[in-house]
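Chemist: Sequence:
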Amino acid sequence: MFAWFVGGCVLGCLGGGCEGRVEVVLFCCGRRVLDFESARLLLLVERLGSLLAACRVVGLAYSRCWERVARVERVVGVRVVVSRRGARGGSRLTDAGRWLLREYSRVYRRVTGRCFEEDAVAGVGGVVGGGPVYAGSHDVLVSRLFGRLRDEGVGWEVYWVGSLKGLASVVLGDAVVAGVHLFNPSTGRYNVDYVALESVGGVDLVLVRGFERLQGVALRERMGLGEVLEGLRGGRLRLVNRNPGSGTRVLIEELLGGARPPGYDYVVYSHLEAAEAVASGRGDVTVCVRWAAEAYGLYFIPLRWERFDFVLRRESLGSGPVSGFLELLRSDWFRGLVSSSSGYRLPADAGRVVWPRDLSGNG
2 MFAWFVGGCV LGCLGGGCEG RVEVVLFCCG RRVLDFESAR LLLLVERLGS
52 LLAACRVVGL AYSRCWERVA RVERVVGVRV VVSRRGARGG SRLTDAGRWL
102 LREYSRVYRR VTGRCFEEDA VAGVGGVVGG GPVYAGSHDV LVSRLFGRLR
152 DEGVGWEVYW VGSLKGLASV VLGDAVVAGV HLFNPSTGRY NVDYVALESV
202 GGVDLVLVRG FERLQGVALR ERMGLGEVLE GLRGGRLRLV NRNPGSGTRV
252 LIEELLGGAR PPGYDYVVYS HLEAAEAVAS GRGDVTVCVR WAAEAYGLYF
302 IPLRWERFDF VLRRESLGSG PVSGFLELLR SDWFRGLVSS SSGYRLPADA
352 GRVVWPRDLS GNG
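Everything in the sequence shown is counted per the working numbering, starting at 2 for the first residue and increasing by one.
A portion of the hints provided could be inaccurate.
Derived CB-CB ranges, DEER-like [what the hints assert, rightly or not]: (1) S341 <-> V155: 31 to 37 Å; (2) D96 <-> E295: 48 to 54 Å; (3) A260 <-> R305: 17 to 23 Å; (4) N185 <-> E231: 26 to 32 Å; (5) G154 <-> E118: 38 to 44 Å; (6) G319 <-> D194: 22 to 28 Å; (7) S340 <-> R305: 18 to 24 Å; (8) S281 <-> G319: 42 to 48 Å; (9) W334 <-> E231: 41 to 47 Å; (10) C30 <-> S341: 18 to 24 Å; (11) R85 <-> G319: 21 to 27 Å; (12) R358 <-> A123: 47 to 53 Å.
It is worth saying that the hints were derived from the structure and are not from the lab. C-beta: ideal position from N, C-alpha, C; glycine also.
Start from the sequences and build out the full structure, keeping to the hints where you can.
Modeler: In structure tokens:
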């Protein structure tokens, strides 16, 4: 059941007169669904056909825009933003998303006497163009790789949004490259099953082999894995969690087995942030790569070697930015970087297309 909340706040008083602003918020089952900023974001997605373009217009980080959309979808239980299938890509609102926007606009006009659509775009700039976009999981080597590309004059934009949102960003056409490490326990495979599932309806994706890295549990004190899990599930240890949609969050949920220990809602967006939070005492346990744990002097319990691969659209393979990215991924420089980094290893087919099979020999 949906309900409306209308609140007011005084912004300032001049010459005895006060200027006020009315806040219009849509609630569902007692939970906040849509406020002015979230409704404006949905409006811009529909008008511009791109979540990334909408983020640039309102001046929000791409990861924060994803969070707003995901929060709305969690509350209403349906998708409100989906991809425009086909080679062009892009984003659009679902029927549910359009209904929410219409309802918000209707009540906004009734309460304020003004047009929501006009107020939402007043004072915002045009779409600010940028360079090619990487959106996906965080990794220190990926950060170094794109830093090197920027030093060579290619202005890549990098957004740490997690594996699932990175994959969705490529499908939507917002990102050129996504970094993913998504494990399917049913098949025992990384990444391929998720990419194959998205490669339907005209979206032609490819999977490029990246590298392997060792994920594990990091903590200040030496403990066994069983003791750590018992402490988390029993509420005696505080968790430093990762952002929803990240491959590491999927692994954390697997370890917790449905438990919500103290700190479950304390979310960070990178391995280094997670390790630093534990080292500084803001939490007791996290999951991160070995390199990050060692950088902060934490005890590390290895869990599994995982594949960190890259997803692209097939048509982007011949573009200049992607060609430069793949060449650097296959370079002696990157091989040396991997070999000198604890908890990493580089497979022989790094930088090559490994899925679909018709391209796997032509990466």
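Chemist: Is it true that N185 and E231 lie within 26 to 32 Å of each other by Cβ?
Modeler: Given a distance of about 27 Å, which is inside 26 to 32 Å, the answer is holds.
Chemist: Quick check on a hinted range of 18 to 24 Å for C30 and S341, using CB atoms only.
Modeler: Once the Cβ atoms are compared, 53 Å apart, the range 18 to 24 Å for S341 and C30 is violated.
Chemist: Confirm or reject the claim that R358 and A123 have a C-beta distance inside 47 to 53 Å.
Modeler: holds (52 Å)
Chemist: Is the gap between the beta carbons of R85 and G319 within 21 to 27 Å?
Modeler: For G319 against R85, whose Cβ atoms are near 23 Å apart, the range 21 to 27 Å holds.
Chemist: Taking 38 to 44 Å as the stated bounds, is the beta-carbon spacing between G154 and E118 within them?
Modeler: With Cβ atoms ~40 Å apart, the hint holds.
Chemist: Within 41 to 47 Å or not, the Cβ separation of W334 and E231?
Modeler: holds (44 Å)
Chemist: Is 17 to 23 Å right for how far apart the beta carbons of A260 and R305 are?
Modeler: holds (20 Å)
Chemist: Measuring from beta carbon to beta carbon, are S340 and R305 in 18 to 24 Å?
Modeler: holds (20 Å)
Chemist: Indicate whether the distance between the beta carbons of G319 and D194 respects the range 22 to 28 Å.
Modeler: Hint holds: Cβ distance 26 Å, inside 22 to 28 Å.
Chemist: Cβ-Cβ distance between S281 and G319: within 42 to 48 Å?
Modeler: Between S281 and G319, where Cβ atoms are some 46 Å apart, the hint holds.
Chemist: Return holds or violated for the Cβ distance of D96 and E295 against the range 48 to 54 Å.
Modeler: Once the Cβ atoms are compared, 50 Å apart, the range 48 to 54 Å for E295 and D96 holds.
Chemist: Go ahead and decide if the range 31 to 37 Å is satisfied by the Cβ distance of S341 to V155.
Modeler: violated (24 Å)
Hints 1 and 10, counting from the list given before, are not met by this structure.
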